[in-house]
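*Asks:* Sequence:
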Amino acid sequence: MRLERLKCLPVAVFSLFLTLSGSIAFAQHEEHGQPTQEAEHAPTEKKGFNATEVIFGHVLNNHDFHFFDIVGDDGKKHPVSLPLPVIIYSPERGLTAFMSSKFEHGHAVHNGYAMLTDHSIAEWGLDPKKFNPQDIVAVNENGEYDASVKVYDLSLTRNVVQMLIALALFTWIMLRIAKRYKSGVGVTSAPKGSQSLLEPVITFVRDEVAKPNLGAAYYRYLPYLLTIFFFILINSLFGMIPGSANVTGNIAFTLVLGVTAFIVIMFSANKHFWAHIFNPPGVPGFVKVILIPVEILGIFIKPFALIIRLFANMVAGHIIIICLISLIFIFAQMSSVAGWAASPLSVAFTVFIYLIEVLVAFLQAFIFTNLAAVFIGQAIEGAHHDHEPEGVHVGSGHDDPVLV
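If you're matching positions, the sequence shown starts at 1 in this note's numbering and goes up one per residue.
You may find that some hints are simply not true.
Here are the computed lysine to any residue pairs in the SDA-like style, where the Cα-Cα straight-line distance is at most 25 Å [said to hold, decoys possible]:
hint, residue 1, residue 2
1, 179, 160
2, 211, 165
3, 179, 194
4, 76, 96
5, 150, 119
6, 211, 224
7, 150, 125
8, 211, 227
9, 302, 226
10, 179, 165
11, 150, 188
12, 211, 125
13, 76, 93
14, 302, 322
15, 211, 102
So the derived label-pair ranges between C-beta atoms look like this [as the list claims (entries may be wrong)]:
hint, residue 1, residue 2, range
16, 227, 335, 48 to 54 Å
17, 263, 291, 46 to 52 Å
18, 108, 298, 49 to 55 Å
19, 300, 241, 45 to 51 Å
20, 355, 335, 29 to 35 Å
In case anyone wonders, no lab produced these hints; they're calculated from the structure.
Even glycine gets a Cβ: it sits at the ideal position worked out from N, Cα and C.
All chains, please: the whole structure from these sequences, using the hints.
*Replies:* Structure below.
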């Protein structure tokens with residue numbers, strides 16, 4: 001019973017954190033700079049809860065770690081956040097570096113640059129399809145957008161910083177475990193501590209992912225498979241910490257993993273693989289006209305499926321959690337009684353989805369790794385299938401697995 005309470009503690013803290021921050025953040029309308037025309041005509045109008053703003057503010061990238069807002073005596077919101085370095089290169093202005101706090105969350109100009117907000121995009125008449133909030137653009141002496149200055153944003157955003165922190169932590173853990181094995185712990189004696197935690201996972205990837213799909217060639221690809229498995233897993237788990245970034249829910253993150261898998265598959269492909277692509281055996285000639293383009297297209301669809309599957313699953317879970325918490329404030333807009341009545345149900349469902357997301361983190365790391373092994377196995381099928389070790393059965397690999 002005590003263990004179950006401990007499992008729910010992070011979720012309870014997460015829910016309380018969102019509840020408090022949301023109630024503070026949306027208690028009053030934020031006013032910066034000149035009021036809009038609508039505000040001038042209706043100055044007493046209260047801004048309603050914007051669930052879309054909260055959801056996308058959580059799942060999208062940012063130039064700081066935003067935790068919550070405090071409404072001061074002046075009636076304005078004062079964000080509590082951890083600023084991150086902004087690094088900008090412009091051919092016209094050179095290299096510039098400063099902290100993101102200089103932008104004052106998009107309401108100030110610094111060194112001739114500004115961070116876009118929904119208000120500034122509309123005020124300057126910028127195309128919302130090309131410009132997004134948090135983008136950094138150059139401005140002229142009047143503080144207006146300057147299209148003549150090209151800007152290359154090299155900033156350390158929260159996704160980048162969190163990924164580096166997770167990578168550093170993972171590297172430290174693995175080096176510490178390797179040092180123990182070199183000293184004999186886990187070799188001449190039973191594994192201890194983090195060894196006993198990670199060794200079954202490594203053995204699982206080797207025996208259930210690498211060997212069945214790669215046969216005798218599994219040892220050559222095991223470092224790559226273990227790397228992507230733990231890299232996805234640790235970043236997914238970091239994303240479950242309140243106030244952190246959803247790194248694995250970023251399309252750029254999954255794109256790099258997918259492209260890496262594509263490169264490994266292409267460099268592993270042998271003549272048997274390409275023969276099945278450009279000249280499928282046992283297929284009538286008129287069918288080959290249709291089948292060959294499909295096979296060529298399938299080469300690119302496989303890594304694309306890896307990219308979209310991981311991205312969609314990790315984003316969906318975070319959006320569901322934020323939506324469930326947002327129900328509290330949506331009902332509270334109707335009446336305070338409805339808001340308090342919806343709170344227990346929303347928090348209960350949030351706890352459930354939160355625990356499911358922990359399972360999904362492990363599941364998606366396994367699925368990505370397993371499918372990568374399957375696709376590599378298909379590329380080297382002719383090589384490892386002919387030299388299959390005795391007692392090891394390797395499937396044909398023609399049929400792609402269907403994993404949910």
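*Asks:* State for each hint whether it applies.
*Replies:* Hint-by-hint comparison with the structure:
Proposed proximity of residue 179 and residue 160 is contradicted: the alpha carbons are some 28 Å apart, above 25 Å. Annotation: proposed proximity of residue 211 to residue 165 is violated, straight-line Cα distance about 31 Å (limit 25 Å). As the CA atoms of residue 179 and residue 194 are separated by approximately 12 Å, the hinted pair is consistent with the 25 Å bound. Of the supplied pair hints, the one linking residue 76 and residue 96 is violated, its CA atoms being roughly 30 Å apart against a limit of 25 Å.
Between residue 150 and residue 119 the CA atoms are separated by roughly 22 Å; this keeps the pair inside 25 Å, and the hint holds. The suggested pairing of residue 211 with residue 224 holds, with an alpha-carbon distance near 14 Å, which does not exceed 25 Å. Note on residue 150 and residue 125: the hinted pairing holds, with a Cα-Cα distance of about 18 Å set against a maximum of 25 Å. Taking the CA atoms of residue 211 and residue 227, the gap is about 16 Å. The hint holds against a cut of 25 Å.
Our distance criterion of 25 Å between C-alpha atoms is met by residue 302 and residue 226, whose separation comes to about 20 Å. For the given pair, residue 179 sits about 21 Å from residue 165 by alpha-carbon distance, which is consistent with the 25 Å threshold. For the given pair, residue 150 sits about 61 Å from residue 188 by alpha-carbon distance, which is inconsistent with the 25 Å threshold. With a C-alpha separation of about 57 Å, the suggested pair residue 211 and residue 125 falls outside the 25 Å cut-off, and the hint is violated.
Between residue 76 and residue 93, the direct Cα distance comes to roughly 34 Å. Violation of the 25 Å bound is thereby established for this hinted pair. Distance check on the hinted pair: residue 302 and residue 322 sit about 31 Å apart at the alpha-carbon level, beyond 25 Å; violated. At roughly 53 Å between alpha-carbon atoms, residue 211 and residue 102 are farther apart than 25 Å, so this suggested pair is violated. Against the hinted window of 48 to 54 Å, the Cβ-Cβ separation of residue 227 and residue 335 comes to about 53 Å, which satisfies the hint.
Taken as a hint, the range 46 to 52 Å is violated for the pair residue 263 and residue 291, whose Cβ atoms sit roughly 25 Å apart. For the pair residue 108 and residue 298, the beta carbons lie near 51 Å from each other, so the given range of 49 to 55 Å is met. Look at residue 300 against residue 241: about 35 Å separates their beta carbons, and that is not inside 45 to 51 Å. The given range of 29 to 35 Å is respected by residue 355 and residue 335, whose C-beta atoms sit roughly 31 Å from each other.
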